[in-house]
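Asker: Read off the chains here:
Protein chains: 2
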Amino acid sequence: MSLVLYELLGKDDLRFSPFAWRTRLALAHKGLVPDKIVPCLFTDKTKLAFSGQDKVPVLKDGDTVVSDSWKIATYLEDRYPDRPSLFGGAVGRGVAKAINYYCDGQLHPAMARLILGDVFANVDPVDREYFRKTREARFGAAIEAMHAEREKHVEAWKNVLLPVRLTVRDQAFLSGDAPAYPDYILFGTFMWARGTSPFALLAKDDPLYPWRERMLDLFGGLARRAKGHSV
Amino acid sequence: MSLVLYELLGKDDLRFSPFAWRTRLALAHKGLVPDKIVPCLFTDKTKLAFSGQDKVPVLKDGDTVVSDSWKIATYLEDRYPDRPSLFGGAVGRGVAKAINYYCDGQLHPAMARLILGDVFANVDPVDREYFRKTREARFGAAIEAMHAEREKHVEAWKNVLLPVRLTVRDQAFLSGDAPAYPDYILFGTFMWARGTSPFALLAKDDPLYPWRERMLDLFGGLARRAKGHSV
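Protein chains in written order, with my numbering: chain A, 1 to 231; chain B, 1 to 231.
Fair warning: there could be bad hints in the mix.
Because identical chains share one entry, a pair is satisfied inside a single copy or across any pair of copies.
[Said to hold, decoys possible] Simulated crosslink set (EDC-like; lysine to aspartate or glutamate; CA at most 20 Å straight-line): (1) Lys158 - Asp104; (2) Lys133 - Asp61; (3) Lys71 - Asp177; (4) Lys71 - Asp170; (5) Lys158 - Asp206; (6) Lys152 - Asp217; (7) Lys152 - Asp44.
None of these hints come from the bench; they were simulated from the model.
Please take these sequences and the hints and turn them into a complete structure.
Answerer: In structure tokens form, the structure reads like this:
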């Protein structure tokens, strides 16, 4: 059985897909090490044709192909039930879905308003045109204009973090005393920024700051070792 | 052993505290029926002096006194471990905390912008002065002005619901296939409105609408039987 992870490739071998980071940490949590990690450009998805769609991450586990980070997490949980649990049961899995939608639907857009110019600067040159076209359509603004106005959006970013900030003020991880998949979802978002942007997203007195440090330390510093900015 | 719940009392015997509803449903989930429910006005907290604080809900379980809906839920979970679980384990409990902060810190303020005038109209006449003073200080606006401008805040309310809306589009309950404490937290917020306001907070095609119906049906229609508006 071989385990292969397909993930996004940026400029200079950067790996900043927030969704791929969710999967990387989910694999580590299960004690699984990919035999191979295959980097893919935004515009070179021919490598993913076997998966029947064109988005990373894709996990190939033997003959099984799973795409979409959420589906990969639930696949891993169900396929490897005897290894450490990603969700800790049905309620944890249920509520993790809400965290997934919170990160995708509220956190990512708010963070994008702050770092999209930096992400653009770090996609592979080959992908720049594709990235500009798709992102400018999504946000209804030019990347440079968003970048120039980012300070205006800092307050909204801070506000959207409120529920997770207060949670990790009370407890070490979003999932309680120990990390689990809800933490990996949220942390993936921060790895998107770490791989691309020098913009300081968290004040040092924000309870999310030491939480992020704890996440960077997990699994022998798996995420900390990745190329990126330490802000 | 006797179980006594202290909760908020509104006009005409209305019971619309979102926090008390969390506790009511948590008790029902555990199969516990309070021997007595003691209603308290906002301005008559002498009844709560024994709890060392002045907020409802308070649960008195034999000689044990617990105040604060979150603490009551974790108390019930730990005190009655053999009854149906409210959190389904450590991860569920961890992430439920984030749902609690999401509801208290983002959902309640957004809903208040729409219904506070209606809540005001439904507090006991004795409490009106207290309610006006505390709420107008909290929101920095007169209750009547907020009420007159509520249509302006409908969009923000819809947006803040995004993560939970998409979750219950995918699955029957926030907690998965079956309801658990995260659902009771969110549902308490809607019971605050049901007890006080005819304002339609959810469109019929919003996935939260049938979720709310499912919640109203739980435990033999416990919440549906409470006096209130069916919108």
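Asker: Could you work out which of the previously given hints the structure breaks and list their numbers from low to high?
Answerer: Violated hints: 2, 6 and 7; rest satisfied.
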